[in-house]
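One letter stands for each residue in the lines below.
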Amino acid sequence: MAYATDAATPLSIWGRGDEGTIESVSGANQLSARLREVGAIPGVPVRVLRVGSTVVIQVGSSRFCLRKTDATCIKGMKAA
Amino acid sequence: MATDIADRERPYVGRATVAVVGNPNTGKTTLFNALTGLSQRVGNFPGVTVERKVGQLTLPDKSAIDLLDLPGTYSLSAKSPDELIAVEALMGLLKSESTIQAVLVVLDASNLRRSLYIVSQLLEIDLPLVVALNMLDVAKARGILIDAPALSERLGVPVIPIQANKRTGLDELKEVLSRVVEKGAVPSRSPILPQAWWVEAEQLAQKYEGVSTGLVLRVLIDNQNTFASHVVERFGDDFAADLHASRAKVNVGDALANQEIELRYGWVDEALDGVLRDPEPLRVTRSDRLDRVLTHPLWGSLSFAVIMAFVFQSIFSWAVPLMDGIDALFGTVGGWASGYLPEGALQSMVVDGVIAGVGGVVIFLPQICILFLFIAVLEDCGYMARAALLMDRLLTPCGLSGKSFIPLLSSFACAIPGVMATRTINDPKDRIATMLVAPLMSCSARLPVYAIFIGAFIPDQNVWGGIGLQGLTLFALYCVGIFVAIPVAWILKKTLLRGQPTPFLLELPSYKIPDVGTVGMRIYQSGRHFIERAGTLILAATIVMWALAYFPRSETITAHYEAERERLAGASEEILDDLRAKEAGEMLQQSFLGRMGQALEPVVEPLGWDWRIGMAALASFPAREVIVAVLGTIYSLGEVDEESTSLRDALQAATWSDGRKVFNIPVALSIMVFFALCAQCVSTLAVIQRETGAWRWPVLTFVYMTVLAYIGAFVTYRLGMALGWG
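Going line by line, the protein sequences match chains P and C. Its first residue numbered 1, the first sequence is counted upward by one per residue in the working numbering. Its first residue numbered 81, the second sequence is counted upward by one per residue in the working numbering.
Think of the hints as simulated: they come from the structure by calculation, not from any bench. Where a beta carbon is used, it is the ideal one built from N, C-alpha and C, also for glycine. Misleading hints may appear alongside valid ones.
Subject to a maximum C-alpha distance of 25 Å in a straight line, what follows is the list of computed BS3-like cross-link-like pairs (lysine-lysine) [as the list claims (entries may be wrong)]:
1) C:Lys220 x P:Lys68
2) C:Lys662 x C:Lys574
3) C:Lys133 x C:Lys220
4) C:Lys263 x P:Lys68
5) C:Lys133 x C:Lys741
6) C:Lys246 x C:Lys592
7) C:Lys741 x P:Lys68
8) C:Lys220 x C:Lys592
Here are the in silico distance ranges between beta carbons for each label pair [claimed, not checked]:
9) P:Gly27 x C:Ile791: 41 to 49 Å
10) C:Pro508 x P:Gly17: 33 to 41 Å
11) C:Leu362 x P:Gly27: 23 to 31 Å
12) C:Arg372 x P:Thr69: 53 to 61 Å
Sample of chain P residues with no beta-carbon within 10 Å of chain C, all distances over it, derived [to be verified]:
13) Ala7
14) Ile13
15) Gly15
16) Glu23
17) Ala33
18) Arg47
19) Ser61
20) Ser62
21) Lys78
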């Protein structure tokens, strides 16, 4: 079995300061569509700036806040 | 594919209109203010109440164009009502809106990749395009290098580096705009989207009148979002069916909307290759370090509370000298008018009605301006988004999201822009719930009411470290609205507006020094609005109330007191003054207003009010700040203290018929709580009606707020008396 670090994980379980790249943004709702439009597409660098019920993520050079429950739709590959 | 550009020519008469678009937080408003200055007019888009800002821009050749400031949007695929307006305006779908001849798009250089997404869409709507590359200083400070001429070449449209906050690059921008508007050259279409999509779009556009290729393409891709549903509704079932067929033809695999995003970002990356050099995209900025404190669950919330307390304290303490000045001015004008005008109805109307009434309202202009100063500064520096983040946690349990925070906060200035600001909320139920509680937020029109009663009755004591009891009382009154709004929103979302919790996504822009011009413009516009209201609605209400309080003149009372005066000829000034006061009081008692007030008294007595307060509150249902004007009129008619036109002194001196003081702390608090909760604003109710398109929502707002206001005032008065504050 592969180690957890090799697989993409939802950003909702990342810790503060964790960095990596976006693997996928799933879902067909307006939130995920908007996330993709503002640049959350595969390969883009991402970092978690705040954890809690509302998380703050940095996508490329922009920062967005969203609920932890909504952040589950973004999966990323954590940098070592 | 280079089709009929000639067919799409947009003939116009008079001045050309250029739309200003861009992502939120790109300095779009700052640029708009810098270009148009005081020539801008704020109105509404026809039929809808999104704020429509138009300003005149004078070009180097002295000719002028109109700049139309559209709501900020990340994409032409509209997802909220305000984005819908922006897209509809660009697509020429807004009836009676002047046709747009060109588009000026504002980009954030420190966020270039994301900003270019909407540019890729704007290149396809067959309008001349000019790019203003803003915030190069921020980008440079982060080590980001951008080759603007190369970018211009890649995009095929002019790219002008500017710094809106420092007003640099504007001359070149104006020259380019002038050239582009004159030539009207539409950018050639970059091959971003597949040929097959364009073919379908063009076929449909030819079949239906008033439908452009760009529009069909948009709804073909968007499928079911706000904009697409809106357009399909407008062009009918046949159009919907054809659209569906076209979509089925081109849609192989992933949804078109997802494909669009990938294709566009592919194009953006290609355009930026060699143009943008960003050595370290995930660098930790000063903003990030600041956010560690300001968005921290504990320290962030504490900072928020301190900032708010400071704002309310300043509203009180900073405004005093200015208010004293205005007071003195109206006192002088009043004295001059009494001396100049002959005694009688005209003098009474001018001195007791207009000057005492309108003057009593205008005196609060400094406080209104300070409130707007803080709102504008907090907004412009980027703090508002952080506050929304912190508030999401509190708003989620009431069934709302952090998105409701900004409309609610704007409502502290005025519920009307607050209700309009709900257009940024995507979910219709959240939006209505936010609108319904927005009028509970203490708007600036309540400030005069609080200020007069706090100033007159709450002792000016220092509680702790420069925070006074008066400031704290004001803060508490602002909290009343908030604490009532929580259960109201919760009940609404559990009953009439039940729905799933809605997602919340908000950008946190980098902190910046607020732009003086932008803040100044906000203060100027709100101050002007306030003065206009005082000069129209409030003036009219004041004159009506004055007439009701002045007429009918009773011959019997006049005759009786004339006889008294003759009998007491030679008595001391004191006795004569007392006599005049009695006469004025009796006149007021038997006036139309007095008679109505006495009928009303049983209703307001449980709140600790006398009939004069009751009438003033009743007269304030069209606009709540009328109470100050009406109290000013009533008390200057009922008293004969010629020395002072100050309402504060008149209130402190007012007595019941048995000589007891009318006002004490519980009565003052009861009035303020009533005004904190009551729906005394016709304009707000009208805006809710227009925004929701249904009467039941303003009616519900009015009923629930008025009932709560009465209960709240009753409880406050009884509690205050029980605590021995009377």
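Query - Hints that the structure is at odds with (numbers, increasing) - result: Result: hints 1, 2, 3, 4, 5, 7, 12, 17, 18, 19, 20 break, sorted rising.
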